[in-house]
Amino acid sequence: MKAERLTLSLTIALLLGLGVAPLLAMITASVTVDGGFSLAHYQTLFTAERTWWLLGRSLLLASLTALGAALLGVPLGVLFGKTDLSCRRIFTFLFTVPLLLPPYVLAIAWSGLLGREGWLGRLLGSPVAESSSAWLFGLPGCAWVLTTVFLPVVMLVTIAFLHTVDPRLEEAGRLAARWPRILRGITLPTVARGIVASTLLTFLLALSEFTVPMYLRYDVFPVESLTQFSAFYDFSAATAAALPLALVTLAVLMLERLDVRAPTVPTAPAGGMVPIPLGGTRPWWLALTGLLCVTLVILPLGALILESSLFAFAETSTRAMDALLRSLLYGAVGATALVVFGFFVGYLLHTRALPLAGTVDFFTLFLLVLPSPVIGIGLIGLWNRPATAWLYTSPTIVLFGYVAQYVALTSRITVAALAQVPPSLGEAAALMGAGWFRRLAFITTPLMGRGLLLAWLVAYIFCLRDTGIAMLVYPPGHDTLPVRLFTLMANSPFERVAALCVLLIAATLLPLMVLGLLWMRWRPAT
Numbered sequence: 003m004k005a006e007r008l009t010l011s012l013t014i015a016l017l018l019g020l021g022v023a024p025l026l027a028m029i030t031a032s033v034t035v036d037g038g039f040s041l042a043h044y045q046t047l048f049t050a051e052r053t054w055w056l057l058g059r060s061l062l063l064a065s066l067t068a069l070g071a072a073l074l075g076v077p078l079g080v081l082f083g084k085t086d087l088s089c090r091r092i093f094t095f096l097f098t099v100p101l102l103l104p105p106y107v108l109a110i111a112w113s114g115l116l117g118r119e120g121w122l123g124r125l126l127g128s129p130v131a132e133s134s135s136a137w138l139f140g141l142p143g144c145a146w147v148l149t150t151v152f153l154p155v156v157m158l159v160t161i162a163f164l165h166t167v168d169p170r171l172e173e174a175g176r177l178a179a180r181w182p183r184i185l186r187g188i189t190l191p192t193v194a195r196g197i198v199a200s201t202l203l204t205f206l207l208a209l210s211e212f213t214v215p216m217y218l219r220y221d222v223f224p225v226e227s228l229t230q231f232s233a234f235y236d237f238s239a240a241t242a243a244a245l246p247l248a249l250v251t252l253a254v255l256m257l258e259r260l261d262v263r264a265p266t267v268p269t270a271p272a273g274g275m276v277p278i279p280l281g282g283t284r285p286w287w288l289a290l291t292g293l294l295c296v297t298l299v300i301l302p303l304g305a306l307i308l309e310s311s312l313f314a315f316a317e318t319s320t321r322a323m324d325a326l327l328r329s330l331l332y333g334a335v336g337a338t339a340l341v342v343f344g345f346f347v348g349y350l351l352h353t354r355a356l357p358l359a360g361t362v363d364f365f366t367l368f369l370l371v372l373p374s375p376v377i378g379i380g381l382i383g384l385w386n387r388p389a390t391a392w393l394y395t396s397p398t399i400v401l402f403g404y405v406a407q408y409v410a411l412t413s414r415i416t417v418a419a420l421a422q423v424p425p426s427l428g429e430a431a432a433l434m435g436a437g438w439f440r441r442l443a444f445i446t447t448p449l450m451g452r453g454l455l456l457a458w459l460v461a462y463i464f465c466l467r468d469t470g471i472a473m474l475v476y477p478p479g480h481d482t483l484p485v486r487l488f489t490l491m492a493n494s495p496f497e498r499v500a501a502l503c504v505l506l507i508a509a510t511l512l513p514l515m516v517l518g519l520l521w522m523r524w525r526p527a528t
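Per my numbering, the sequence shown starts with residue 3, numbered consecutively.
Think of the hints as simulated: they come from the structure by calculation, not from any bench. Do not take every clue at face value.
Quick list of the computed label-pair ranges, beta carbon to beta carbon [to be verified]: (1) Arg91 x Leu512: 14 to 22 Å; (2) Arg440 x Ala492: 53 to 61 Å; (3) Ala136 x Glu51: 21 to 29 Å; (4) Leu490 x Gly187: 21 to 29 Å; (5) Arg176 x Ala136: 33 to 41 Å.
Predicted model only: the values in this text are computed from it and were never measured. Just so you know, even glycine gets a beta-carbon here, dropped at the ideal spot from N, CA and C.
Take these sequences, add in the hints, and give me the full structure.
Right, here's the structure in full:
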């Protein structure tokens with residue numbers, strides 16, 4: 003047990019160094035002016051009308067996104083998770099694709115469809131193009147794009163929590179009512195906490211998003227901190243501008259913990275889930291789902307592919323190959339580090355071996371939904387010093403940001419995987435004299451191999467799509483493909499931007515398909 007407690011204590015210390023220390027450095031910088039304590043930056047920030055105007059716009063955009071994601075994600079989750087709809091897995095994957103990409107790629111895709119030079123205007127004329135462009139470049143367009151990006155969060159959580167419903171309650175309900183009434187009266191109320199938690203998570207993710215509003219020219223609060231840093235290089239003012247969003251994020255997470263706390267790992271009751279037969283309405287549901295999939299996913303991404311000519315794709319592929327290789331390398335290394343670190347964090351959350359487990363769980367989720375520029379600015383404030391310049395000027399600083407922001411993903415997947423490992427096996431090995439590390443190496447990790455593969459895959463995708471952290475902290479000459487695309491999309495010809503987007507989509511989805519095949523072929527031990 004000594005090795006276990008020491009390792010988990012070091013894990014907490016590492017989390018403090020990667021996550022807490024940058025935030026403390028950022029807060030210290032925000033109240034320091036000319037070497038002394040001062041609240042001048044906060045006074046300037048909170049007395050400016052623009053601050054409250056931007057904050058209100060951000061809250062409105064995040065609320066509309068969360069509402070749209072819930073209205074679409076819950077029905078889709080029920081269709082894919084509980085009915086006998088055809089092609090459920092294919093539809094689940096297709097609707098999840100926007101979440102796997104940098105959000106601004108979807109904004110670029112929709113501009114290729116609805117912009118002034120988009121395909122809709124070419125087919126229906128310039129008046130239609132003007133109207134669709136005016137709708138897209140503003141609040142409605144931002145909310146629409148972000149809803150497309152984040153509705154998979156609600157959809158996937160709904161699918162997961164549907165497996166927690168006690169089938170005996172639904173079987174009893176079927177004796178007196180039809181399925182629509184059972185869904186309203188039994189199923190959805192049972193999974194309501196998971197739905198509300200995923201909706202709040204969507205709200206926080208949309209609140210922290212800045213790339214889509216920047217591209218669609220809708221001013222929001224996260225852009226303010228980035229502007230103070232990148233345009234004026236005023237570190238203290240940028241830090242002060244970042245903290246209000248951090249406080250809103252903290253308040254929403256505390257509300258979620260107090261009022262709508264859901265179990266970390268949904269557990270399926272005995273008896274299995276009761277499926278909903280669609281019967282003669284199945285073709286209609288299939289057609290409606292297909293139409294929605296075409297509208298939200300296939301049309302915008304298809305327009306993006308059509309805008310990318312072979313010449314532009316060949317040219318941009320050559321010019322962006324260095325950034326692509328760096329993205330793949332950083333994504334693979336970051337995912338590996340996240341799996342290792344997330345394993346020990348997840349083990350701590352699962353076993354509750356130390357009294358700080360609940361705090362660690364809360365803080366990792368806080369880092370996940372915290373705006374990425376806030377983490378980036380914190381890393382700069384902590385590591386941009388003469389004594390640590392060797393680290394700050396290396397790609398390691400990018401990996402630090404990845405681990406700090408995304409450890410909640412791998413740790414929670416680890417918790418779910420550990421829940422499937424019978425504890426009696428480890429207890430028997432302990433009685434035979436096997437040490438903690440030996441039990442982990444030869445019993446625990448082999449039995450949760452599919453879970454670790456899933457954790458690596460999820461971490462790789464999020465590291466590959468990351469823009470905010472890498473954009474702020476990457477060393478000169480070490481930009482990633484999402485950062486390069488983001489910096490070029492405003493001033494480059496659209497066909498080149500589209501070609502870079504297609505390259506990024508291919509770099510994301512091809513490894514996903516290969517590892518997905520490995521996942522399907524994996525034979526878990528019994």
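So, going through the hints one by one against the coordinates:
1. Arg91 x Leu512: 14 to 22 Å: 19 Å, holds
2. Arg440 x Ala492: 53 to 61 Å: With Cβ atoms ~55 Å apart, the hint holds.
3. Ala136 x Glu51: 21 to 29 Å: 26 Å, holds
4. Leu490 x Gly187: 21 to 29 Å: With a Cβ separation near 53 Å, Leu490 and Gly187 fall outside 21 to 29 Å, so the hint is violated.
5. Arg176 x Ala136: 33 to 41 Å: 50 Å, violated
Going down the numbered hints, you'll see the structure goes against 4 and 5, while the others check out.
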